[in-house]
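Each protein sequence line maps, in turn, to chains C and D.
Taking the numbering used here, the leading residue of the first sequence gets 1, the next gets one more, and so forth.
Taking the numbering used here, the leading residue of the second sequence gets 1001, the next gets one more, and so forth.
Rough simulated footprint, nothing fancy, chain C against chain D, three-plus residues with beta-carbon under 8 Å:
1) 1043 to 1051
2) 1104 to 1113
Derived DMTMM-like pairs (lysine to aspartate or glutamate); straight-line CA-CA distance at most 25 Å:
3) D:Lys1107 <-> C:Glu104
4) D:Lys1078 <-> C:Glu104
5) D:Lys1078 <-> D:Asp1026
6) C:Lys41 <-> D:Asp1026
7) C:Lys41 <-> C:Glu104
8) D:Lys1055 <-> C:Glu104
9) D:Lys1055 <-> C:Asp98
Keep in mind the hints are simulated off the structure, nothing from the lab.
Note that beta-carbon positions come from the ideal geometry of N, C-alpha and C, so glycine has one too.
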Amino acid sequence: GAVVSQHPSWVICKSGTSVKIECRSLDFQATTMFWYRQFPKQSLMLMATSNEGSKATYEQGVEKDKFLINHASLTLSTLTVTSAHPEDSSFYICSARDTPSLNEQFFGPGTRLTVL
Amino acid sequence: AQTVTQSQPEMSVQEAETVTLSCTYDTSESDYYLFWYKQPPSRQMILVIRQEAYKQQNATENRFSVNFQKAAKSFSLKISDSQLGDAAMYFCAYRSYQAGTALIFGKGTTLSVSS
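Extracted from the complex, chain D is given alone in its bound form (with noise of 0.2 Å):
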């Protein structure tokens, strides 16, 4: 089965600063998915960015990036010029390539942004 690990269960940052937030995975599929969602306060859940495992190039969405690191089964996300707005919980999340499955998702990191 596979799981998703994150680690930090709060980061906080100062607004234009740069953090990073941490996600592992184990899996025993060649193909998958993995992706970064963002729930706000309104518990809306927000897709962020994802990365399909076959490409090698990194994803990039305006501000947010990720570091995706195959062999080693890591998949951080950079958010850049951190803004108030970006406070929320950050959920890491995998999904595997076959049609019909689900999201699995990580134990989430609380992310603060403060002025």
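The following block holds chain C by itself, in its conformation from the complex (with noise of 0.2 Å):
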């Protein structure tokens, strides 16, 4: 099956600083992106959805401002959580599907953020 990765797998940054995580389809074009939030022992939740080379579509709830998506190639979409506060913590998790009709969805390993 196709590959995603995401880069960190972990990352620790004080409050008040802003985080980066990339999300790479690494054996194909991933036209449209998911960034999914996972609580410990709970679902995931969907954050937003990305088509490359447009704006990012958020779920409502979710702070368009906090968390900044750019999709600006077919292979790379970044999920930048700015102003991160000890609430953000979490583990972020990216999907990507290679054409619309493509009825799977294929999931990178995961970020996890804490925030001190």
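Each of the two chains sits in its own frame; use the hints to bring them together as a complex.
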């Protein structure tokens, strides 16, 4: 199957700083990427959907100015958590789909963010 | 809006036995996809099985099979001959047939397997 990577796999930062998480599709071109957030022992919550070359669509309740998403190429999407606070600590997972008709999303391994 | 409900937060099974995880969903759409994903302690999401709503035949992948009841909006996962490696969190997910839509997940069921 298709491979999606995320970098970094874990990151610790100080409150008030910004953190960038990269999501790459390694062997296919991802026209659509999705960003999820997951708290311990809970489900994946969709944060936003991004299409290459256009602005991301954020889910209700997700602050677009805090969680900046850029899908500048067909193989790379980035999530930047700006002015991070301890409550932003979570597990962030990206997934990608190569064509609109593909009925499967390929998931990255996730990034654990801890804000001190 | 579509919703996915998993009513069993935790389930347990003994090795070699069979276990069934329940999932119900709500939608007004007639065409859609349903999935079961496994999330082991590594937290990497792994696709277990998928079902297209227009197919009446239940999907099967080796020891994993589903019971898809479209009218009842039910989509249960049966794991046969359970193995220790099956221990994980299992998520039921729904996806609209429309292009570009995201997966909608249930809350998950934690499955433990004992020897």
